[in-house]
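J.: What follows is each chain in one-letter form.
There are 2 protein chains.
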Amino acid sequence: MDYTLVQKEIQFALHNSKDPQQLFDLVYSLRPYDISEVMKGLSPEDQIDLISKLPIPTAAETLEYLEPEMQYHILRHLKDSVASPLLKQISSDAVVDMLLAIHPLQAQRLLDLLPEDYRDKINQLMTYPEYTAGSLMTVDYISARAHWNGEQALQHIRKVGHEAEIISYIYVTDIRGELVGICSLKEIILASPDTRLGDIATKDIISVPADMEQEEVANILSRYDFYALPVVDHQNRLIGIITVDDVVDVIQEEATEDFQKMGGSSPLSEPYFKTSIWELFRKRILWLLVLFIGGAYTANVLEKFSDTLSKIVELSFFIPLLTGTGGNTASQIVTTLVRALGMGEVKFQDLFRVIRKELLTGILLGLSLGMIMYLRAMMMGVNTNIGWVVSISILVIVLWSSLVSAVLPLLLHRLRVDPAVVSNPLITTLVDGTGLIIYFTTAKLLLHL
Amino acid sequence: MDYTLVQKEIQFALHNSKDPQQLFDLVYSLRPYDISEVMKGLSPEDQIDLISKLPIPTAAETLEYLEPEMQYHILRHLKDSVASPLLKQISSDAVVDMLLAIHPLQAQRLLDLLPEDYRDKINQLMTYPEYTAGSLMTVDYISARAHWNGEQALQHIRKVGHEAEIISYIYVTDIRGELVGICSLKEIILASPDTRLGDIATKDIISVPADMEQEEVANILSRYDFYALPVVDHQNRLIGIITVDDVVDVIQEEATEDFQKMGGSSPLSEPYFKTSIWELFRKRILWLLVLFIGGAYTANVLEKFSDTLSKIVELSFFIPLLTGTGGNTASQIVTTLVRALGMGEVKFQDLFRVIRKELLTGILLGLSLGMIMYLRAMMMGVNTNIGWVVSISILVIVLWSSLVSAVLPLLLHRLRVDPAVVSNPLITTLVDGTGLIIYFTTAKLLLHL
Chain W
49 MDYTLVQKEI QFALHNSKDP QQLFDLVYSL RPYDISEVMK GLSPEDQIDL
99 ISKLPIPTAA ETLEYLEPEM QYHILRHLKD SVASPLLKQI SSDAVVDMLL
149 AIHPLQAQRL LDLLPEDYRD KINQLMTYPE YTAGSLMTVD YISARAHWNG
199 EQALQHIRKV GHEAEIISYI YVTDIRGELV GICSLKEIIL ASPDTRLGDI
249 ATKDIISVPA DMEQEEVANI LSRYDFYALP VVDHQNRLIG IITVDDVVDV
299 IQEEATEDFQ KMGGSSPLSE PYFKTSIWEL FRKRILWLLV LFIGGAYTAN
349 VLEKFSDTLS KIVELSFFIP LLTGTGGNTA SQIVTTLVRA LGMGEVKFQD
399 LFRVIRKELL TGILLGLSLG MIMYLRAMMM GVNTNIGWVV SISILVIVLW
449 SSLVSAVLPL LLHRLRVDPA VVSNPLITTL VDGTGLIIYF TTAKLLLHL
Chain V
49 MDYTLVQKEI QFALHNSKDP QQLFDLVYSL RPYDISEVMK GLSPEDQIDL
99 ISKLPIPTAA ETLEYLEPEM QYHILRHLKD SVASPLLKQI SSDAVVDMLL
149 AIHPLQAQRL LDLLPEDYRD KINQLMTYPE YTAGSLMTVD YISARAHWNG
199 EQALQHIRKV GHEAEIISYI YVTDIRGELV GICSLKEIIL ASPDTRLGDI
249 ATKDIISVPA DMEQEEVANI LSRYDFYALP VVDHQNRLIG IITVDDVVDV
299 IQEEATEDFQ KMGGSSPLSE PYFKTSIWEL FRKRILWLLV LFIGGAYTAN
349 VLEKFSDTLS KIVELSFFIP LLTGTGGNTA SQIVTTLVRA LGMGEVKFQD
399 LFRVIRKELL TGILLGLSLG MIMYLRAMMM GVNTNIGWVV SISILVIVLW
449 SSLVSAVLPL LLHRLRVDPA VVSNPLITTL VDGTGLIIYF TTAKLLLHL
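Read top to bottom, the protein sequences are chains W and V. Letter 389 of the first sequence, counting from 1, is numbered 437 in this note's numbering, and no numbers are missing. Letter 264 of the second sequence, counting from 1, is numbered 312 in this note's numbering, and no numbers are missing.
Quick caveat, the hints were computed from the structure, so don't treat them as lab data. The reader is advised that the hints may include incorrect statements.
Because identical chains share one entry, a pair is satisfied inside a single copy or across any pair of copies.
Unchecked claim - Simulated crosslink set (SDA-like; lysine to any residue; CA at most 25 Å straight-line):
1. K56 to L153
2. K322 to F400
3. K395 to R271
4. K359 to I253
5. K88 to R271
6. K405 to S317
7. K331 to L399
8. K56 to S216
9. K492 to R271
10. K405 to D222
11. K395 to E264
12. K127 to R224
13. K251 to Q203
14. K207 to D242
15. K322 to L90
16. K359 to K492
17. K127 to I170
18. K405 to F321
19. K352 to L148
20. K66 to G89
21. K352 to N433
These figures come from a predicted structure and were not determined experimentally.
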């Protein structure tokens, strides 16, 4: 969608028109996401003007798509009588994200706009650490009592539904706030109006604690195809819900992060074009240096074998091919395992199954590549013995790479380190030097050097 | 969750108990996903027995979590009077997935169980190619007319809602089936019962064509935080909807595939432990061979420079470090760009911006690494001139790797090839040989060999 034209029209309507209908018509056909995209191109004054002229629910949703600084700037410059209901309408997880991103004093100013009980809730939400269930949840859910019937529940939804983020589920709590059942709105509507919620609610509830890691939350929600998940405290009291749209964002973000880590750079916190060259440099140089230092010993290995090398210079021809193949095998295994660990398919307890599987596959791969390596060496017209050296080396290198790449990700996961730090470049660097040692040791043994 | 105990109890209830209540109590506390996990450990006879004793909606949802072969086996062995309503209750996208996975003759047998109009719909759905919007959509949505009021809409939902996959949105169509508006159930419930749907429905609809790629569908749905997206034909007639749970699966699958591709192996179609060693071998050897052939020319390059090498054997010490660093830089860039292309953040039109950004970052990285490389060479006590050769080479290699890795993913995306085929191993292999040429050419020029 191209926003240039509609942006011009909106600017015109804001500046020149005395007829509010004109602006209304323009904005009416846009979704909050689209309005937020248009907003990004407007002057600060126009941004504030536009938000103040939107219906509160639309304005709130539009604000949710903007960056925290812009959200704060707009809210700060609206009259309190506008800012206060607007802030209250924004879903609580978005409010928390904004408040945590801006300066604490600025956050306090905004908090003062909220009624006291809601302010307490927000303050409570702000205590949950990033990347946990607590940080994803919203308190804008609908709860009900087990003795209500369907008709009463619908009346309740009509009363409080405006503020709820999702009305697909109604959470049944007891007098102590404990979560005792979940009804879907579908069940309520399909049942007869006088059925008690207690009779249609699912009693065996899947809920998550506030300190669960967001990746695990995403796995649970996607496994059961839920639209929302309840979050409970240690006493099983309902404290919030996590909706599927936030989980979709989590899944996308986590995949992007793992991707960038696997490529051997620290994950970018912004989209590509928003990241400055200096920032790209900073994110990349760190790992390049680690890898450089890790790889620097290859030079010592080669220096140590320089006698062998100067006696048979042909041995050097195969260095990149041998280390390269070892690195390629390692990359294949590491990426597969890192992803499988992330998706919860593989656990540390599976270590020996994984090693067995990878070594057996490694034997097949090593034998195939060994044969081809022999043919390649013969094609170059080198001595038959060198042919044997390279083909036996490649088998041993593939097996060694398989073992290292099978163990390392699982071990790191066990130690609660993100296994994605074993990036493709890291594992390649690790098996490069050891591959050289295998190669030259084989050469010395077989060629009696 | 450990299913061993409940599985034993269910087996006992199926075999020994005459009291159906016992089985009911056991299954009542389980969700369809959990029942499907229990099913996987049961004998084929018990599977059929259990499914036939579940309420139809639960049985249908449980079946959806099973593999196509198992689904077919169970449906085939149920009485037609049970299988027919059960098959009709399964959501249409799941039915299509199953029918496409089993033998056409088996599929025909199942299709014969369906009423004619529904069979036609399923046959139509089966024509959409894999990985498109059409293949993800279900026809189990709720449509309504613009002149209905809220009360009529709710009555309609009560009547047909049992078969709908999601009731959060009601799709308003005109007499020709054209999609003219969308109401959320929330809006209907919050509005007064006599409000016409036409007055509350969003008219400016975001819909997707049936042939849109699933990755793009996922991007749209996650951008707008929708729970479902309507799919229309070329005449804007509503033909189905795509629900967010299927999109979550798509996002997870696409990320897993891209992950495995980036690691340099063909994506696995099954979870890790379900993939046999032979299958792992097949998925990996293909790319290893491609990479081997791609890398084999490094041996020729080194052979060509063997004169230089035998004159100054120290030059060989730095081969793995130089090619390694080139490969690492390339991996960082390629993973970032492949992900950014997948998320729609970067397009082919941005080519020159990307090249400029990567070359400028490359200069910073190359200069830093060049300095460190010089120090490293000096530490090993090699000739100062060799120090200059290696540090100038690393700068040129980093710049060259940056250029290649900036251009290649964008070019492939433009040519409608998945850019993830430029895996980390592939780009590493590509820049390995060219890195050697850069290195030895620099050596020859600077050392006057």
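J.: Which of the listed hints are broken here?
T.: Going through the list in order, the structure violates hints 1, 4, 8, 9, 10, 12 and 19 and respects the others.
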